[in-house]
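Let the sequences and hints guide you as you build the complete structure.
Sequence order for the protein chains is A and B. According to the numbering used here, the first sequence is numbered sequentially starting from 456. According to the numbering used here, the second sequence is numbered sequentially starting from 106.
Hints listed in this document are in silico derivations from the structure and should not be mistaken for laboratory results. Be careful, since some hints might not be right.
To be verified - Beyond 12 angstroms from chain A on every Cβ pair, some chain B residues (computed):
| # | residue |
| --- | --- |
| 1 | E185 |
| 2 | N609 |
| 3 | Y924 |
Stated by the list, open to error - Here chain B is said to cover these stretches of chain A; the calculated rule only asks that three of the stretch's residues, wherever they fall, bring their Cβ under 8 angstroms from a Cβ of chain B:
| # | stretch |
| --- | --- |
| 4 | 490-499 |
| 5 | 664-676 |
| 6 | 743-754 |
Idealized CB from N, CA, C, for every residue including glycine.
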Amino acid sequence: MRLKKIYYNVLFLVSLLCVFSCTEPFSLVTKSFEDVIIVEATITDELKHQQIKVSRTFLLESDKQVFEKNAIVKIETNTNEVYNFSETQDGLYTSDIAFKAIEGLSYKLSISTSDGSSYSSNEEFLPPKAEIKNLYGELVNLNGKIGIQVLVDSNENLGDANFFRYEYEETYKIVVPFYNEYNALITNVIGSGKDIEYDIEFELKAQQGKICYSNNYSTEILLANVDGINENALTQVPIRFIPANDPVIRERYSILVKQYVQSAEAYNFYDILKELSADESLLVDNQPGFIQGNMFSLQSSSEKVIGFFNVSTVSTKRIFFDYSNFEIGLPTYIFDCDLTVLDYNIDEEPTNEKLLLYESLLFNGYKYVSHVESDNPDLKPTYTIVQSGCGDCTTFSSNIKPAFWED
Amino acid sequence: MKIIKITCLFILLSHVAFCQSKEKISITFNEVEIVEALSELERVSSYKFYFNKTWFNNSFLISKSFNDVSLEDVLTEILEDTTINYFVLNGKIILTNNNIIRDKLPPNFFGTELTVEAEEIEEEVDKVPVLKKQYLNRSKINKTKIFYIGKESESSSQKMITLSGYIKDEKTKKPIQNLDVFIQGTSINTVTNNLGYYSLKVPMGFNVLEIASLAYGKHQKQIVVYGKGTLSFQLSEATEQLEEVVIKSDRNENIKSATVGVTKIDVKGIKNIPLILGERDVLKVATTMPGIKTAGEGALGYSVRGGKVDQNLILFDGAAIYNPSHFFGVFSAINPFATGSVDIYKGSIPAEFGGKLSSVIDISTKEANMEKFSGEGNIGPVTGNLLIETPIIKDKISVLVGGRATYSDWVLKAISEESIKNSKANFYDAIIKFNYKINEKNDLQATGYYSNDEFSITSDSVYNYSNRIGSIKWDHKFNDKNRLTTQLASSQYKFNIIYDGIFNRNFDFGYSINETELKLKAKYLYSKKHKFSYGLSSKLYSIKPGDIVPLGGESVIERKSVDKERGLESALFISNLFEVNDKLLLDIGFRYSFYAALGASTQNVYDPTVPISAESIIETKTYEENEVIKTYGGPEVRFSARYFLTPSISIKGGYNRTIQYSHLLSSNTTASPVDSWKLSDLNIEPQRAEQFSLGLYKNFDDGIHELSIEGYYKKMKNLLDFKIGAELLLNQDIETELLQGDGKAYGIEFLLKKKEGRLNGWLGYSYSRSFVKLDSEFLTNQINSGDYFAANQDRPHDVSLVSNYKLTKRYSFSLNFNYQSGRPITYPVGKYIYNGEEQVLYSDRNKFRIPDYYRLDLGVNIEGNHKNVKLAHSFWNISVYNVLGRNNPYSVFFVNENGQIKGYKSSIFSIPVPTITYNFKF
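Now the structure itself:
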């Protein structure tokens, strides 16, 4: 149900706005630490090398994820098929062969860690399949903010497919506003500081830096269920809200949505996980605690194991759009771009433009945009430069066009 | 002057012989005053009359006809109902007030021939005439007025004479209740009843009637009692006491009564306590007393002696009030002007109350002014409050109407933040009370109350909650020994959430709980040693646990409603206040409560061998309308005793059992206004508790200082808790989310009060612990491995200092200081990455604490000028809440922002909050 969620949002705002109240961040310090194993495993009905992540808890003040390395990971079915997994990256275990979950079979995950502990999941079954019928964007006003809401409709007649989780992957095209196919190179440097002398030469860029494609993955837990819904279908499930001035829709934007059908227990696990990390308020303080998944220690029943071994069906859909498909203006570029015009011939205070040009190009990553030759042949040109992100997108993105991309 | 005159007359006349008149007269009086009647008599008879006109100032009218009777008969008859005696002397009629003119000396006037009757003289005074010399000397010294009571009669054989009267407040003209009235130097005493009426048997002759009260100070009336009579008078609130913060207790009540763990809040006295945003709050004052706590500013509910917030029976004129707060507990919903008294029973709960585990908070509104139109109001920064009282028929019917409302949501509007400009928060409450004194034996009162809160922060949702209360009470007095109170009370609490967003999931969700109770309570004053109180009550609950309705044609939300719940809670109770001897007083109470969960309903039966869940249902039973689903019940012993160690030190002990059949469903660490109530049913057992308490009480300096130390130990069973992330709204099978466990609480409470003087106030300290155990044979239903852990309301140390200093009549200063241990929280013990974002792993429940809480408030009250006669009495209150600007964290929470866990702590009123309030009274 949405009720609770809305309530929290509301109250969080209350807490922020109350004149005499305040909510302030504080840095987390671990008062006492509990080392617990984390299992993140979803196998699907897609034929592929399935992946399972095994990690451990780490200190609150740390940013470094701790992986469970050298564990023995396998999945067994009730027909005694065994799928072995091998560690392909730190803490990431990939099945040795490609396989897909099949309806009617039960799957059980077992993990043995290098320190000799072993863990096992409950037996899980593949839930029914549900397709994404529509994936679309709509211009909406969400609490006073105008933007594009990406929504999903499932197919009708969902049957026993009741609990859904969504993930998305968005890709957006970037076109830099001040591109020049040449790079400006500094050569023949004589002296240093304010007495510096140098030449500028131009060189064709080795790779194009005008058009790039960036990716984002959903980090939010997105859930939906058919409880309390009057139709045997999910409609208008909000997936991603893009504010109208968000640079991601300045050029073409694409979103791929994956719809997983889960068991009720898996849904519940994610739901609580989401709830406990959602906006809370000072006035309503949800009771937090340990969330029991379906993984257990085989040695000690009281040992905490975090995670859920999830067997899901999945359905995906991709759409493309940009701002011009909606009645909104051109969003701003990702960065604020300020063109800087520097005259090589000015080397006096207050601004030694010659020195500044040198430093900007060489050390501050500024990109060359254009130059104007002086009328006086004795004088050097005046250069226009711009911050790196405004002149070359490869500085922050990838210029490789994804295979799925449709312009 | 009058006294002197009469005295002279007396002395002169005592030497003159008495002469009987023989004259017969016929006369008719038609609605004439006595003075006129006497003049008329003087005209028709041959006698001259001597009297003082002022004696007849307030006399009644006479309509009477006499035919051929003696003058004496006429006089006797018309003076019968007055305090006037007459004396006939040589063609003159001498009237005297109170005393008799005697023509012979009383026996033993000059000597002592008392030999035979000596043993008769016990407490009672001999029948002797009242002679001036008994009191003359004293009155000369004191120079105060002497009141002459009654008419002396020569035939009377009474030795003790009944003196009665009404005592009223000079300003408000309202009866003063519970006023101690006693005769100096004797053990004769009484207290005034709710009409301000007192009645005493006093010895004839000179006495000093004394009245003592905290609010009215000490007053003495010199009286000379001749015969049965009345003395009614008015008292003005002692100006010295006017601004004092006092915890009302009757004279030595704290050491005298048998009950352990009772707190009385003097509503008048709270006006000096510094305020938050100008709101006077009776219940907030209560939390400065040991044993009563809140989770913090902005927390709903009260925790009494380690109990949970849903374990308090809050009665408002006899009707339960479910959520007596506005704006998430920042303000109380109880109108302070309408409130007459607040009694909080945290230890010994009288047998007449039941249904909640921890305490009874009994709030009574005051009686509407029967004398004249009056009112009271205040203007604060957030709300305005006005209360008006007026008689409809003087001294018979009166009505009180009060209301309070927020001016506007300027607090929210003041924020420049764009996204919350659309938000609003409004509240109001209103009260109406009706008093009808049918006659001396019958009293009727009716109260209606409504409070409403509405708030909306985002433009798409509106929250609303309200309390509605109605009660009617009829007091009937059969005779001096038997009284019956019949009360019908009904209350409703409901909340509503309207979500009207941009997607197709708009809905209107509503919840309501109703209860109606009929209660009959009788009092039987069997003897001085045994006073019985008995009765029965029956309460019908009706809960609509929720229905959700799609809003708008496009909404895909399914219309859904959870079955209505009904239950009948009944009880029989009897208690005997047994005064074993002067030292030992027992209050023996017994209550038998009985609960029946009623259909129509469907109830699940679960497989007991596995944890209950939707999968473990083995049967679903269906019940018809009014069919009994399940019954619970049990005896509830309420026993307490007092023993005087010395006249000013008493020791008290108590044992108390309670059963609770209705439960608040909350998966939060603190309560919220949209938490719903649930009745016990097939799967949810009632909560039970027993408490032992022991206390030592001492008064010193003539009751100015009171000291008490109380300890308690409490055991609780079937406390409700929920699984992590439990979904409680619209859940038909709530028991699948439920964990029921045991609790225990113990503590020691210390309170020192100074009740009078320029500096007054109190200092309270309590050390208290509260634990919960949620154990189960199933691992998934255990919390903290099934061991006892600190409950959410466990805050061991609690210090409160409330004090007032009166500088002059107009200026007084007040100070509040409060320190409390931080409440327990569940804190992260590590983090991990799941689903691409950071999550935290929480510790065992309530293993850590938020930082300690402390706060200092200061206030000053400036009275209007007392000298001028003004339309309204007014005063200004200037206060600063949280002077130290202590940032007391109220909650600590962890939010996932862009995949990263961030810790936040929030506090309310973390900066000093100054407030000015204007109060007036007319």
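We went through each hint and held it up to the structure:
no. : hint    : verdict
1   : E185    : holds (70 angstroms)
2   : N609    : violated (5 angstroms)
3   : Y924    : holds (21 angstroms)
4   : 490-499 : holds (count 4)
5   : 664-676 : holds (count 5)
6   : 743-754 : holds (count 5)
Of the numbered hints stated above, the single one contradicted by the structure is hint 2.
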